Structures are given as C-alpha cells and as structure tokens.
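Q: Below are the chains, spelled out letter by letter.
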Amino acid sequence: MADIQEDDDLVFHKICALLEPLNHKGVKLTRDTDLVADLEIDSVSVLDIVMDIEDNYDLSIPVNTISETRTIGELVDAIHALKKQQA
Amino acid sequence: MSLFDKFQKNAVLYNALSEAGRNPFTVQMDEILGPTRAIVKGKEIVLAGTNNYLGLTFREEVVSAAQAAVAEQGAGTTGSRFANGTYASHKALERALAAFLGFSRCIVFSTGYQANLGAISALAAPGKDVIFIDADCHACIYDGCQLSGAETVRFRHNSPEDLDRRLSRLDGDEKYAGMGKLVCIEGMYSMFGDVAPAKEFLDVARRHGAYLFVDEAHSFGVYGESGRGVVEAQGVIDEIDFYSGTFSKSLVSIGGFVASNHPELDYLRFSARPYMFTASPSPANVAAATAALQCIAAEPDLRKRVWANARRVHEAFTQLGLETCAPPGPVIAVKLPDRETAFAAWSFLIDKGVYVNLAIPPGTPNAASILRLSVSAAHTNDDLDIVIDAYGAMAETFAQARVTA
Ligand SMILES: Cc1ncc(COP(=O)(O)O)c(C=O)c1O
Numbered sequence: 083m084a085d086i087q088e089d090d091d092l093v094f095h096k097i098c099a100l101l102e103p104l105n106h107k108g109v110k111l112t113r114d115t116d117l118v119a120d121l122e123i124d125s126v127s128v129l130d131i132v133m134d135i136e137d138n139y140d141l142s143i144p145v146n147t148i149s150e151t152r153t154i155g156e157l158v159d160a161i162h163a164l165k166k167q168q169a
Numbered sequence: 016m017s018l019f020d021k022f023q024k025n026a027v028l029y030n031a032l033s034e035a036g037r038n039p040f041t042v043q044m045d046e047i048l049g050p051t052r053a054i055v056k057g058k059e060i061v062l063a064g065t066n067n068y069l070g071l072t073f074r075e076e077v078v079s080a081a082q083a084a085v086a087e088q089g090a091g092t093t094g095s096r097f098a099n100g101t102y103a104s105h106k107a108l109e110r111a112l113a114a115f116l117g118f119s120r121c122i123v124f125s126t127g128y129q130a131n132l133g134a135i136s137a138l139a140a141p142g143k144d145v146i147f148i149d150a151d152c153h154a155c156i157y158d159g160c161q162l163s164g165a166e167t168v169r170f171r172h173n174s175p176e177d178l179d180r181r182l183s184r185l186d187g188d189e190k191y192a193g194m195g196k197l198v199c200i201e202g203m204y205s206m207f208g209d210v211a212p213a214k215e216f217l218d219v220a221r222r223h224g225a226y227l228f229v230d231e232a233h234s235f236g237v238y239g240e241s242g243r244g245v246v247e248a249q250g251v252i253d254e255i256d257f258y259s260g261t262f263s264k265s266l267v268s269i270g271g272f273v274a275s276n277h278p279e280l281d282y283l284r285f286s287a288r289p290y291m292f293t294a295s296p297s298p299a300n301v302a303a304a305t306a307a308l309q310c311i312a313a314e315p316d317l318r319k320r321v322w323a324n325a326r327r328v329h330e331a332f333t334q335l336g337l338e339t340c341a342p343p344g345p346v347i348a349v350k351l352p353d354r355e356t357a358f359a360a361w362s363f364l365i366d367k368g369v370y371v372n373l374a375i376p377p378g379t380p381n382a383a384s385i386l387r388l389s390v391s392a393a394h395t396n397d398d399l400d401i402v403i404d405a406y407g408a409m410a411e412t413f414a415q416a417r418v419t420a
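Protein chains in written order, with this note's numbering: chain A, 83 to 169; chain B, 16 to 420.
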C-alpha cells in the first residue's frame, strides 16, 4: 500500500532524483531515509539541495521548516503543505 | 544512548587530521613576533591566514591606548552594557563609529557575533516578520535568525534575482500581508573573498518594502574610498538600513557594532538579549578599537598598501596556474580538487613557513575545499616573497592544484 502511494508521488520521485548524486553509499531511498544519518549529507548540503527543490516547485521552504525535517518523507510532506498554502 | 554519540562523525575527521601530523584547527602560535610573524613549534612562520587586514595589531598608538585604558579604567567592566557596564569610552566609540560611517547612531556590542545575533534576533519576531538571508551568510547571522524565531528564507548567494523571486512569492500570499521583511547580506564574504552586489540588493529590497542589513565584518576599513566598506564603494551606504561590523578584524580588538539612521535602533538596547545579558567589552578592547579607527580614518595609505599587496599575490597565483575564487581582494582563496589535496597542500605550506587557513566542507560554500589566504597592509615584500615562493613549490608538488600552467 505504502509502495503504491510512493510510486504515485511525483514529489517523492523528484526529491529522490535530486538526492541520488549525493547518495554515495547507494542507500535505497524511501520515505524513512534520514538525510543526515542515512545519506550522511551535511547540514549545509541539505540546505543547498532544498534550493534546487524550491526552484523546481517555485516555492520557498523556510529554513525553520528544513531544520525540523529529517527524513525524505517529512520533506515531501512539507512541500505538499507549502504547495497547498501558496496555491 | 550517549550525549556524545552525535560528535562521532566529525570527531573521526578531526582525529584523522591530528594523526596526519598537523591539525589545522589546533595550530598554536607560541610567540607573536609582529603583525605578520609568529613562532609555531619552534619555527618562524609568515602569518597569511589572519584577519589583520590593515596590520594594526602592534601599532604604537593602538597598543599604548589599550595600556592606558587598563591603567585608568581597570582590566574589565564586570557588567553588561544594559545594566552596569557602560563606560564613557563605550559611548565615545559609538559616536566615533557613527561619525566615521555617516550614520546617526551606533550600538557597541561585546563581539561581532553578538552584534549580529542581537540585532537580528531583536529586529525580527516570529509571526510578525520574515528574514531573507544570503545562502553564504556567516554562522552568527543564521544564529540570529534562529534566536529570533522568525520565519527565515535563504536565497542563492549574491543573487538579487533569486531574492526578488522569493520576495515576490510572499507578495502574493495573504499569510504574509503586512509582515516586516529583513534582508541580510555581507559586504565581502570571508571564505572566497567575493563581494555582494549591494546596490542591486538594495533596489530589490526597496521594491518589496524590505529593510536591508549589511554585515561589513571583513570589508570595513578595506573597501570604499574612505574605508567604509562595500556599501561605500557601491555608493549606497546612505541608503541601507543597518550596517554591522566587528572590532576583530581591521580594528584589531574584540567587540562589534550595529549602526543605522533609524532612531529606533536604540530600542535594541532594551530588547537585544546578546547586548543585555553579557559583559561589555573591556576598556582595553574599546581603547584599542578607538585608536585603530583613528588610524583608519587618518591613513588612506593603509588601504593602498593592502590593495597593492592583494594585487601582487593574486597576480602571482594566477601565473602559477592556481584557481582563485574571486577577483583580487584582501582574501585570496585557492580552490583545490578535494579535502585530501587541500589538507596536504596546507601541511606543505606550513612546513614551508606559511600559515594560511584550510577550509573544507561542511564549513564552506558549494562543498569546496580551499586554502584561504588573507593579505595584510603590514606584509612586507619579504613576507610576500616567502608566501609566493611557497605557493609556487606547492603548485609544483600538487599538479592537481593547477587549472592552467
Ligand atoms: C561575516 C562575519 N560576521 C561576524 C563575525 C563575528 O565577528 P567577531 O569575531 O567579532 O565575533 C565574523 C567573524 O568571525 C564574520 O566573518
């Protein structure tokens, strides 16, 4: 069930595509993947990736939100919430 | 679960550097011989990794002013600016800085870190204001945003277009209607030595009704016709809203300040916690900064010298085929392909008697590994010969450091 949802989720796939170049250990990316703990991306690089995501969706994700976001799933949810708000 | 688990990853990096022989983050200067020389592990080295841009650390006027202040006002103030630690000398320095910069008022803090932390955290409030910061802003600006609790949006480094886009997004959003907007940039950025297009940022900020805050920590004293920073060089110093700076670089002391033409700046004195709840700068620190400011105002030659030195080093590095990160300026950063090469090159240089700064991710923009060199007006031709020779030998030894040759 969760898998089907994920497949449907374009935001999830987009984020995975942006993260893949930094996935040096070849971790399988899921909603539960922790950006810092699992992918070992440093905090500054997380902010930089988020900028690419922001450009892609034409929205601004506040730094405050990013610092509360640990997993890919949480990032996906944050983007959905902002898209709704800024629509 | 240990409190200390979270340090593991960086501890491994840090320990690896120590085991490799020299840890760039634990260099100890055993004797300071002058503004550009020190003894490290029994060997004399050229200091080319400080922020002593105008080289005033040992100037007679500065040192004797600090000595006199200790004798006359004591070693420390034992009180905060807000409660029991404001002396006449703090107020006199505030007036001198405001007059030099051409602002109506100025507030002196205990460090530059606290100046930014205090001003930004007090100016912006959660739910009432939004802060926009350049992606490459210094840690204390990020920390100021965090302490404020206000929503903070990061824009692409030195891109007024990206700021414009982000401000425009808010303009159409009723959630943000009526909110205050504060844009934070720096004059010259300390890692790469690149300079902000302050005028363009000002235009964008004004178009969206935002305030502009400029941290000139590294550019104060060095940029602009009279040393008033990048905003002076670009002709917008009279128009920006807030100007912050530090005593810890060209003013060769410890302390910081924020200046403005807004009368409301004085409200920070009873609102900015990093102003209210920490001891004021010591009399010696205040006297040294005051004396250094007088030197800067009276001696345009200091600026001429630092710029001549900067141009000489930059040109030499370009000829060596090294990749510099910005046009000539007091900070000359050389980009290296990776962390390992950068560390090896750093060790090579210190062995040749030249101290510069190693900067590696996550401390650097774009995950770059760089050697950051800073030029001083006090560097002699001999000093610079040693620096340039050492970089030449480094470029020979590490072919991968050269982009052209
Ligand atoms: C851009 C910038 N702002 C502020 C500071 C803080 O200055 P201080 O050393 O006075 O705390 C620094 C230096 O560390 C800096 O690079």
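One should not assume that every hint holds.
[Said to hold, decoys possible] Computed cross-link-like contacts, SDA-like style, restricted to lysine to any residue with a CA-CA straight-line distance of at most 25 Å:
#1 A:96 <-> B:196
#2 B:21 <-> A:150
#3 B:214 <-> B:162
#4 B:24 <-> A:156
#5 A:107 <-> B:31
#6 B:196 <-> A:149
#7 B:143 <-> B:24
#8 B:143 <-> B:31
#9 A:166 <-> B:128
#10 B:190 <-> B:119
#11 A:107 <-> A:118
#12 B:196 <-> A:112
#13 B:21 <-> A:112
Just so you know, the hints here were simulated from the structure itself, not pulled from any lab data. Bear in mind the structure is a predicted one, so any value in this text is a computation, not a measurement.
Q: Now tell me if each hint is right for this structure.
A: Against the structure, the hints come out as follows:
About 31 Å separates the Cα atoms of residue 96 (chain A) and residue 196 (chain B), which puts this hinted pair outside 25 Å; it is violated. Using a Cα cut-off of 25 Å, the hinted pair residue 21 (chain B) and residue 150 (chain A) holds, with the two alpha carbons roughly 17 Å apart. Between residue 214 (chain B) and residue 162 (chain B), the direct Cα distance comes to roughly 28 Å. Violation of the 25 Å bound is thereby established for this hinted pair. For a cut-off of 25 Å, the pair hint linking residue 24 (chain B) to residue 156 (chain A) stands: about 24 Å separates their Cα positions.
Proximity of residue 107 (chain A) to residue 31 (chain B) is assessed by CA-CA distance (about 21 Å); at most 25 Å being required, the pair is judged to hold. Straight-line distance between C-alpha atoms of residue 196 (chain B) and residue 149 (chain A) comes to about 21 Å, which keeps the hinted pair within the 25 Å bound. Taking the CA atoms of residue 143 (chain B) and residue 24 (chain B), the gap is about 38 Å. The hint is violated against a cut of 25 Å. A C-alpha spacing of about 46 Å is found between residue 143 (chain B) and residue 31 (chain B), which places the hinted pair above 25 Å, so the restraint is violated.
Simply put, residue 166 (chain A) and residue 128 (chain B) have alpha-carbon atoms about 38 Å apart, too far for the 25 Å limit, and the pair is violated. Between residue 190 (chain B) and residue 119 (chain B), the direct Cα distance comes to roughly 35 Å. Violation of the 25 Å bound is thereby established for this hinted pair. Distance hint between residue 107 (chain A) and residue 118 (chain A) is fulfilled; the C-alpha atoms sit about 13 Å from each other, no more than 25 Å. Proposed proximity of residue 196 (chain B) and residue 112 (chain A) is contradicted: the alpha carbons are some 37 Å apart, above 25 Å.
Pair hint residue 21 (chain B) plus residue 112 (chain A) holds up; C-alpha atoms about 23 Å apart against a cutoff of 25 Å.
Hint compliance for this structure: hints 1, 3, 7, 8, 9, 10 and 12 are broken, all remaining hints hold.
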